[in-house]
Amino acid sequence: MTVVTMNALDDAQLAARVAQDIPDGSYVNLGIGKPTHVSGYVPDGREVIYHSENGILGVGPTPAPGTEDPELIDASKRYVTAAPGAAYFEHSDSFAMMRGGHIDIAVLGAYQVAENGDLANWATLDETYPPAVGGAMDLVVGVPTIFVMMRHVNRDGSPKLLKRCTYPLTGLGVVSRVYTDLAVLDVTPEGFRLVELTPGNSLDAVQAVTEARILT
Amino acid sequence: MTVVTMNALDDAQLAARVAQDIPDGSYVNLGIGKPTHVSGYVPDGREVIYHSENGILGVGPTPAPGTEDPELIDASKRYVTAAPGAAYFEHSDSFAMMRGGHIDIAVLGAYQVAENGDLANWATLDETYPPAVGGAMDLVVGVPTIFVMMRHVNRDGSPKLLKRCTYPLTGLGVVSRVYTDLAVLDVTPEGFRLVELTPGNSLDAVQAVTEARILT
Amino acid sequence: MDKSVDDLAHAVAPVTDGASVMIGGFGSSGIPFGLIDALLEQGATGLTVISNNAGAGETGIAKLLKAGRVAKVICSYPRTPGSIWFEQRFKAGEVELEVVPQGTLAERIRAAGAGLGGFLTPTGYGTRLAEGKETRVIDGRGYVLEAPLPADFALIRADRGDKWGNLNFHATARNFNPVMAMAATHAIVEVRELSDAPLDPETVVTPGIFVQGVVEYGVRP
Amino acid sequence: MDKSVDDLAHAVAPVTDGASVMIGGFGSSGIPFGLIDALLEQGATGLTVISNNAGAGETGIAKLLKAGRVAKVICSYPRTPGSIWFEQRFKAGEVELEVVPQGTLAERIRAAGAGLGGFLTPTGYGTRLAEGKETRVIDGRGYVLEAPLPADFALIRADRGDKWGNLNFHATARNFNPVMAMAATHAIVEVRELSDAPLDPETVVTPGIFVQGVVEYGVRP
Chain A
1 MTVVTMNALD
11 DAQLAARVAQ
21 DIPDGSYVNL
31 GIGKPTHVSG
41 YVPDGREVIY
51 HSENGILGVG
61 PTPAPGTEDP
71 ELIDASKRYV
81 TAAPGAAYFE
91 HSDSFAMMRG
101 GHIDIAVLGA
111 YQVAENGDLA
121 NWATLDETYP
131 PAVGGAMDLV
141 VGVPTIFVMM
151 RHVNRDGSPK
161 LLKRCTYPLT
171 GLGVVSRVYT
181 DLAVLDVTPE
191 GFRLVELTPG
201 NSLDAVQAVT
211 EARILT
Chain B
1 MTVVTMNALD
11 DAQLAARVAQ
21 DIPDGSYVNL
31 GIGKPTHVSG
41 YVPDGREVIY
51 HSENGILGVG
61 PTPAPGTEDP
71 ELIDASKRYV
81 TAAPGAAYFE
91 HSDSFAMMRG
101 GHIDIAVLGA
111 YQVAENGDLA
121 NWATLDETYP
131 PAVGGAMDLV
141 VGVPTIFVMM
151 RHVNRDGSPK
161 LLKRCTYPLT
171 GLGVVSRVYT
181 DLAVLDVTPE
191 GFRLVELTPG
201 NSLDAVQAVT
211 EARILT
Chain C
1 MDKSVDDLAH
11 AVAPVTDGAS
21 VMIGGFGSSG
31 IPFGLIDALL
41 EQGATGLTVI
51 SNNAGAGETG
61 IAKLLKAGRV
71 AKVICSYPRT
81 PGSIWFEQRF
91 KAGEVELEVV
101 PQGTLAERIR
111 AAGAGLGGFL
121 TPTGYGTRLA
131 EGKETRVIDG
141 RGYVLEAPLP
151 ADFALIRADR
161 GDKWGNLNFH
171 ATARNFNPVM
181 AMAATHAIVE
191 VRELSDAPLD
201 PETVVTPGIF
211 VQGVVEYGVR
221 P
Chain D
1 MDKSVDDLAH
11 AVAPVTDGAS
21 VMIGGFGSSG
31 IPFGLIDALL
41 EQGATGLTVI
51 SNNAGAGETG
61 IAKLLKAGRV
71 AKVICSYPRT
81 PGSIWFEQRF
91 KAGEVELEVV
101 PQGTLAERIR
111 AAGAGLGGFL
121 TPTGYGTRLA
131 EGKETRVIDG
141 RGYVLEAPLP
151 ADFALIRADR
161 GDKWGNLNFH
171 ATARNFNPVM
181 AMAATHAIVE
191 VRELSDAPLD
201 PETVVTPGIF
211 VQGVVEYGVR
221 P
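Chains as they are written, first to last, in our numbering: chain A, 1 to 216; chain B, 1 to 216; chain C, 1 to 221; chain D, 1 to 221.
Hints are computed from structural coordinates only; laboratory data are not their basis. Be a bit skeptical, because a hint or two may be false.
Stated by the list, open to error - Here are the computed distance ranges between Cβ atoms for each label pair: (1) Gly-93(D) - Pro-23(B): 44 to 50 Å; (2) Arg-141(C) - Arg-46(B): 30 to 36 Å; (3) Gly-18(C) - Gly-25(A): 54 to 60 Å.
All residues carry an ideal CB built from backbone N, CA and C; glycine is no exception.
With the sequences and hints as input, model every part of the structure.
This is the structure:
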């Protein structure tokens, strides 16, 4: 693989980019890791209501130091607050929201995304490591719009946008759009279609680090 | 059929008789009609918690005139009160209590009971009349002890304790014990077994108005 | 986020002819009388009504039946004392009836709201209400496979609500209202009081995510 | 009716070797640390633990794992940061693991409490977690048939309770606690405060019918 230097968004820039695509009034679930940062970049004038699988709708900002409530946390186990209009509920209700199609958008991290929309984000091929699925499989079947937010390639340079996933699947044909540090791509019936390149990158350079074909 | 005069309990006496068999600390559902009177006859020193399918556990006595709350009713649509320790909940939770085996005893009316424990209490053979099942089928599958409380015979003298039910079934093999104005009978693997006769009645006389055989 | 609607007429405006409409309530408790009256005024017809009962007297669902707006009723207990309009329409063959055991009705509605494809229940096994349905025996116990029951609209009665659509209820007026809000594409709520302040998140019974419109209708039945 | 128990030791006394034990909590919230410590002291072993996580650090479920009391874990996410005792026992082959998608775990537990024989969920269809399970396609969508998951015991953490066993919770400490109370034959609850007066029936989250024992344990995590 040829090493090409490209313009890559940092995590904050990537979070801000994703936040642009979340409409006013949306119910949104943010996955563990990078996606949790999206809530910090909602454009002015929009109200977005965040769902956390552990039983809160209306997750508010991080509490001021010293005001943390140990029983008020999000799915990443971080201390949070309750926004105005929040509600608490138990787990079967929380997953009814997810599986029942009530949440508009979920933003998830991923190991791999395939051009048919398959997502792999819960297990690797390392069998000695205990698998852990959490709520990812429920989210992807129930939420109509799944945004994936991830680095375009692995640390070793191998591609994460594939023809077919090689890791165990989280869901089949579930991804709507992928936001990477290098580009934004829609999943279409024909495969990945370019939405935009991170300014300064060429399509050829991005294609070179993408296993699947990028349509334009 | 020979007309025999027998000693028959009135509704209040029958309700009091059933109440004797409800242990302290039981969770009990009382069906519409005669069974609703059982709550008035709980022996002193026992606390029985009444469940009503429309979303209350801890149904209390009838409110004093003028204090009725139009949104606090029981399954018979009568005004009730909330006893100390009561809880309100929605319908799927209410039926989880019934179907999930959490209620100890249900007292139901019946058209027919068969010696194999089959119960018919929701529809007759009159097809012009709209059928109405309510919560009876959920109760009989979920509550481990089903008491039936009814007249021993129909108004025309025909028997209600049968070899096999002729009306559409509510549940199969679900009845534990039958309390009638004439006798109390257990449903056993062998059939109806006499528990007691209303004082003054002979077994022969009661058997004469019972289609199924009464074991002793 | 502001889900409040100015009046009952605007709240029911989206209901179309032929729609399936869940209506909360049990007996006289928790019935959205204001929304039903507004729906009658609005004129939608050919409706499938999903409710526990089929109306009584001359109010609520009975009014819709009397006016000939109901093509089908799915309920557990259409024989409430005074359900004369249902009986009349039923005997005349003018309204179709599907009787569902009450717990199965609640669970089918919840299953629709919760995104499930169906469930196995012991309720009704071996009875006429299981005829034609798939059954199976597990560990010696019989079960009936029941399908989810969704609806286009739900008419809901609550006690207090806020502009996010969060609701709580009064006493036994909860009944079918919370599950119906979950299962309908468009849940419309009449509340006794629309609170300016958000409801306490600990006391919310129906989170606003299940509600599409909320209108203040002060009258208590 | 008085379900209050004098102390944690009496509350967990009925737990037997080889029992299945549900343990409420998600992350650090809503975990019954007091009851877990009492169970460790009590000595029951060969347990099947059903919980969302598999413990972290040296507290809660991790303590039971460290002490070798756990034969099997059924959970959705055993890989919490700091879940060193689970990892150690797992890699040594000393503990069996069943991973269940989180929503399926909650729903299987609820199904057990609600007397259902199973349900069809789209979750996990086509994935490794559906291998060996019955599936079907309805209207073009794939579903997995999942079985109810009951337990002999549940260890529950609540905020306030009364002697009838009614409970409410604080913030996100509800999580799995209410469904686990429903699904266990014997649900044991530690409450921050055991109220002398009955809880307000409108604010009860878990009705007392699902609770067999309640013990005051003032400590908040």
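Structure-based check of each hint:
1. Separated by about 48 Å at the C-beta atoms, Gly-93(D) and Pro-23(B) satisfy the suggested range of 44 to 50 Å.
2. Taken as a hint, the range 30 to 36 Å holds for the pair Arg-141(C) and Arg-46(B), whose Cβ atoms sit roughly 32 Å apart.
3. Checking the proposed 54 to 60 Å range against Gly-18(C) and Gly-25(A) shows it is violated: the Cβ atoms sit about 29 Å from each other.
In summary, the one numbered hint that this structure violates is 3.
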